[in-house]
Amino acid sequence: MVEENQTVEDLLQQALELVPTALSKARTAKGFTTRWRVIISRLEKIPTCLSDLSSHPCFSKNTLCREQLQAVLQTLNEAVELVCVQEKQEEGKLKMQSDLDSLSSKLDLTLKDCGLLMKTGVLSEVTPPQQPLQDSGETFGVRELLARLQIGHLESKRKALEQLVEVMKDDERAVITALNRTNVASLVHLLTSSPSARENAASVICSLAESGGCESWIVSENALPPLIRLLESGSPSAKEKAVISLQRLSFSSETSRAIVGHGGVSPLIEICKTGDSVSQAASACTLKNISSVPEVRHNLAEEGIVKAMINILNHGILLGAKEYAAECLQNLTSSNEALRRSVVSENGVQTLLAYLDSPLPQEPGVAAVRNLVSSVPIETYVNIVPSLVHVLKAGSVGAQQAAASTICRMSTSNETKRMIGESGCIPLLVRMLEAKGGGAREVAAQAIASLVTVPRNCREVKRDEKSVTSLVMLLEPSPSNSAKKYAVSCLAAMCSSRKCRKLMVAHGAVGYLKKLAEMEVPGSKKLLERIEKGKLKSFFTRK
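If you read the sequence shown in the UniProt record's numbering, its first letter stands for residue 1, the second for the next number, and so on.
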């Protein structure tokens, strides 16, 4: 019988004295020979295990040692009592087999827990007797709780997990700092235990995933399958934590492939349809991350991802979820014609255009439309252009660049170029030539170069007072300036105007073009000759 006021030394002595008794009893047991032989082999290892444990300098001061010795005594007493029960034939055969298997498992757990106590390093921390966890110091409380996740029975682990969740609410960093891979493995194991333990384990793993320092441990300890199962059958809270964890972990391409391999796409799509706002956004982001891996896009399509993303664009709860859905469609349509046709057939173009008409359109939606323009009839361009003009007026810088790039792709015939020019986009593209980012200037110059081959569009560019000035500035001969070839094309189209030529000369185009001609930039030499010929002609006219 274990008394609460016994010292750790008393408990150790009592356990060491009880081992021979338990062994003697077990060796005399009749029947179930194989099971008793296993139990005897476990009992024989206990003295060495206890000796190793008691040799630690902090053995007598650590509460975990006391609890472990109490568990050992309880298991040894159970072994003795089981022999007596069998001798009296008080239990049926099946019940006795079950009890023997249970005893064997408890002995295994005892030996494992003793080993873990030595490996975790927690014995080096001292717990003052009867002192509440919160008052024993942050670091020690966390380390003890992490150790308790690995030792003892499920109920004791569940209680330790509950306390760990409470500690993390006050000081998450303390837990993350004290964590090691073994602790992560124990948390992953608890993802498949009781419902309350699963929810708390998912909460802790979610915090670890979001912290950005434990992703590799979480994945390597095989957390993906139980997290995916939580998406299918967990509580609403557990589902939310699981999908947020997968969102963070899926930033790795390797992990994204593993999520697909473990059957994670279908439950993620289901959450996109039925989840609350946070879960829906996290699921859409996870699928967006997965869709960035080209080789799994076919699998995503087979699971119905196109329809799911279009549905979010139409009915998504959060704006962030819609942006993730747009980016997912952008990834899916980046290089796969079959997926482009699928998006078009699901009314994806119209849905994306409606999304672009929002007050602040973002780049992914425009980029998705850009990917699709080659897969839709030219007649539909008339519906696309107004949305692109809206983006050029109100979109983010990235969205404006994507819109200008889309205009380049749509400029496949003089008819479409005239229609685009009539939309009012040319002044907006000219304004982009003054953007701070070199990428925006380049794509704007490229779009203008594709449009000015139509005389009406060229006249509109000429009418804008800033067009020549901005284009000349883009002639700067630096190797990093990739917009210069488009600027040359634009200025060449405008060179027939005497006023434009004068502006080009006034802003230094001749000097730039001489350097570009030496660099053999296409069209620069011819443009230089035309400007200089115009200068000479103007000189003689004045004379």
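If you're looking for bench data, these hints aren't it; they were derived computationally from the structure. One should not assume that every hint holds.
With a Cα cut of at most 16 Å, we get these calculated EDC-like pairs of lysine to aspartate or glutamate [said to hold, decoys possible]:
#  : residue 1 : residue 2
1  : Lys30     : Asp108
2  : Lys417    : Glu476
3  : Lys499    : Glu476
4  : Lys515    : Glu460
5  : Lys485    : Glu460
6  : Lys45     : Asp99
7  : Lys112    : Glu81
8  : Lys106    : Glu87
9  : Lys466    : Glu434
10 : Lys159    : Glu270
11 : Lys45     : Glu81
12 : Lys417    : Glu434
13 : Lys307    : Asp357
14 : Lys307    : Glu346
15 : Lys119    : Asp52
Right, here's what the structure says about each hint:
{"no.": "1", "hint": "Lys30 x Asp108", "in the structure": "22 Å, violated"}
{"no.": "2", "hint": "Lys417 x Glu476", "in the structure": "28 Å, violated"}
{"no.": "3", "hint": "Lys499 x Glu476", "in the structure": "22 Å, violated"}
{"no.": "4", "hint": "Lys515 x Glu460", "in the structure": "29 Å, violated"}
{"no.": "5", "hint": "Lys485 x Glu460", "in the structure": "21 Å, violated"}
{"no.": "6", "hint": "Lys45 x Asp99", "in the structure": "20 Å, violated"}
{"no.": "7", "hint": "Lys112 x Glu81", "in the structure": "23 Å, violated"}
{"no.": "8", "hint": "Lys106 x Glu87", "in the structure": "21 Å, violated"}
{"no.": "9", "hint": "Lys466 x Glu434", "in the structure": "9 Å, holds"}
{"no.": "10", "hint": "Lys159 x Glu270", "in the structure": "32 Å, violated"}
{"no.": "11", "hint": "Lys45 x Glu81", "in the structure": "20 Å, violated"}
{"no.": "12", "hint": "Lys417 x Glu434", "in the structure": "23 Å, violated"}
{"no.": "13", "hint": "Lys307 x Asp357", "in the structure": "20 Å, violated"}
{"no.": "14", "hint": "Lys307 x Glu346", "in the structure": "7 Å, holds"}
{"no.": "15", "hint": "Lys119 x Asp52", "in the structure": "11 Å, holds"}
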